[in-house]
Amino acid sequence: MTKLTLSRALNEGLRRSLEAGRKLMIMGEDVGRLGGVFRVTDGLQKDFGEHRVMDTPLAESGIVGTAIGLALRGFRPVCEIQFDGFVYPATDQIVSQLAKMHYRSRGQVTLPVVIRIPFGGGIGAVEHHSESPEVFFAHTAGLRVVACADAADAFAMIQLAIASDDPVIFFEPKRRYWDKGEVDTAAPLDSALPLDQARIVVPGDDITLLSYGPLVRTCVEAAIAAREEGKSIEVIDLRSLSPIDVETITASVTRTGRCVVAHEAPVYAGLGAEIAARVTERCFYHLEAPVQRVGGFATPYPVAKLEEHYLPDLDRILDAVDRAFAF
Amino acid sequence: MTVEIGGATMVAPHDTEFIQLLTPEGERVQHPQYPLGDVDIKGLYRDMVLVRRVDTEAISLQRQGELGLWASLLGQEAAQIGSGRALTPKDMAFPSYREHGVAWCRGVEPIRLLELFRGVDNGGWNPEEFKFHLYTIVIGDQTLHATGYAMGIRQESAEDEAVIVYFGDGATSQGDVSEAFSWASVFHAPVVFFCQNNQYAISAPQERQSPIPLYQRSRGFGFPGVQVDGNDVLACYEVTRQALRAAREGQGPTLIEAFTYRMGAHTTTDDPTRYRLASELETWRLRDPIERVRAYLARTGQANSAFFEEVDAEAAELAAHLREACRALPDPAPLTVFDHVYTGDNAILDAERAQYAAYLSGFESEVGR
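Protein sequences, first through last, are from chains A and B. Residue 29 in this note's numbering sits at position 29 of the first sequence, and the numbers go up by one each step. Residue 1150 in this note's numbering sits at position 150 of the second sequence, and the numbers go up by one each step.
The hints are simulated quantities; they were obtained by calculation from the structure and are not laboratory data. We put the beta carbon where it would ideally sit given N, CA and C, even for glycine. Incorrect hints may appear among the rest.
Chain B regions said to be covered by chain A (calculated; three or more residues, Cβ under 8 Å) [what the hints assert, rightly or not]:
{"#": "1", "segment": "1082 to 1089"}
{"#": "2", "segment": "1135 to 1147"}
{"#": "3", "segment": "1152 to 1162"}
{"#": "4", "segment": "1167 to 1180"}
{"#": "5", "segment": "1347 to 1356"}
Part of the chain A face toward chain B, derived, beta carbon under 8 Å [stated by the list, open to error]:
{"#": "6", "residue": "THR5"}
{"#": "7", "residue": "GLY62"}
{"#": "8", "residue": "HIS102"}
{"#": "9", "residue": "GLN108"}
{"#": "10", "residue": "ASP165"}
{"#": "11", "residue": "LEU193"}
{"#": "12", "residue": "LEU195"}
{"#": "13", "residue": "ASP196"}
Given these sequences and hints, build the entire structure.
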């Protein structure tokens, strides 16, 4: 076991994948000499060369479009989109091409491309640097969408995403990049939890609290705080946002009878809506209260001095938990 | 510089740089930079006649309700056959959605194209098998795929391979095409950008896309551009062959603008009489890509009437087969709607498949009752 930041754990996972697969390439803006603006690719170009860790022109559609071409040639590109709000120029290539090529070709073409996107707020940034665009991609058939939440899981998940023959949109919680965690860098990948399964982070009995990415840590803090009040919260990290792990979610809610979903993305038409619908369909007679949602407002991501109001924090999550109990 | 052609203003070919090896009247023209080597001109003629016949048949099939849509290549046979025949078996081609002639050159059977336009699949051929990628409908997207593929060739130091990508005059306005130009130039990707300037993006004339001739676009990106008579199959062949060779030799990309004309509608849903004059079409009819080769072959004695009749008979037979094959295409089975979204399991999708299968089987038992 080694104590690593989440950023470093991703770096180690990428390094391992680069060592394992000759066809793996990392490409993006500033990923080479600089090592990425969050240093996730730090040192990789030095060790693996400019052809395998490639600084690209500044064009997101170009990054994804050429990655598709490289994948057609047999490469496994891992693209970095520098910030969440910069992925939109690549949306056409992701939605119209990357997601659909396997279907279009009736399975004859696979595109094992990973698109890494630092996402979420809480870092006091200027506009376009704090968004949570995961639902756009979760709504697109053909993509797998995942989000890591801590260092140990990030190390495994990035390798699993690279190993996937489907395209994967890989969200990284940017305000948690410097959070440290114990990582077993010697653990074999096949011992890792599969990419499409949710993970019970804190077991509990009274209510199920679902989240992913940056808010998983906040939810764990909420569970600790609630324990002092005598409430037992089960915290589940979804990990996979498409497909969601309905079995794990509904098994938990069937036991607890209550459910809260927390994410930074706007509540409206967010993943919480999908989860609430699935839980209602599957757990109707077990529910003690409607599924509660807590998340961003139906506004654009606000200015830095307002983001503490926009982002669900410990208190807002506990408030949602209280609503579920008060029903 | 612009000229009036049949009432419409068009960006004129540059006299000095416009590559033509066979005039509309069928006269061979010599060009010092493009000495035509040993080319099977009769073969090129045959190809063009056959793909035009496929095209005509497909339009008829659409009119008769057998196809949902067809995008005609009428008038662009020389650009497609000339460039398509310049490819070596190892070269990779990325088409837009009108490249039926290039598909023909790559060995993709015409019925596979009709499958797409009939709506039974999205073009089911294996791209690597034919070295011909699937049709791309979103304008310009494939230029980046071709560039990435070419970057891969360069990474692998595969010196006997190059890539060609097809797009139209309208596509040159797309951001992806500019990005592809940048990337290909920066990475010296062995890719040939083959722009068929057929003068119209549906109804929008080329002047709405660019105030300068399209082949000049490459200059700012740092690679050469050539304008070729797109209705001259010999020029299209030789210019493409040289550009591909340059790409293989590590000289990077070339832009070829094949100056041609879409003689038909954009697709079978389009009505070109709303945006262009009949006289313009007549002007271009005089530059027909097939007639000039026929005239050349006949006058030089390289082909006699028996040859032409033979090709016509072959075309008629091809069309009859195509018609039959098209009508025989089965509709895909309902549950195949769920196939191949992912390479493996997907719990959400798998549940939907099971649910819909159960729903459908309910009808079966009703019928059986």
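Could you work out which of the previously given hints the structure breaks and list their numbers from low to high?
As far as the earlier hints go, 1, 6, 11, 12 are violated by this structure, in ascending order.
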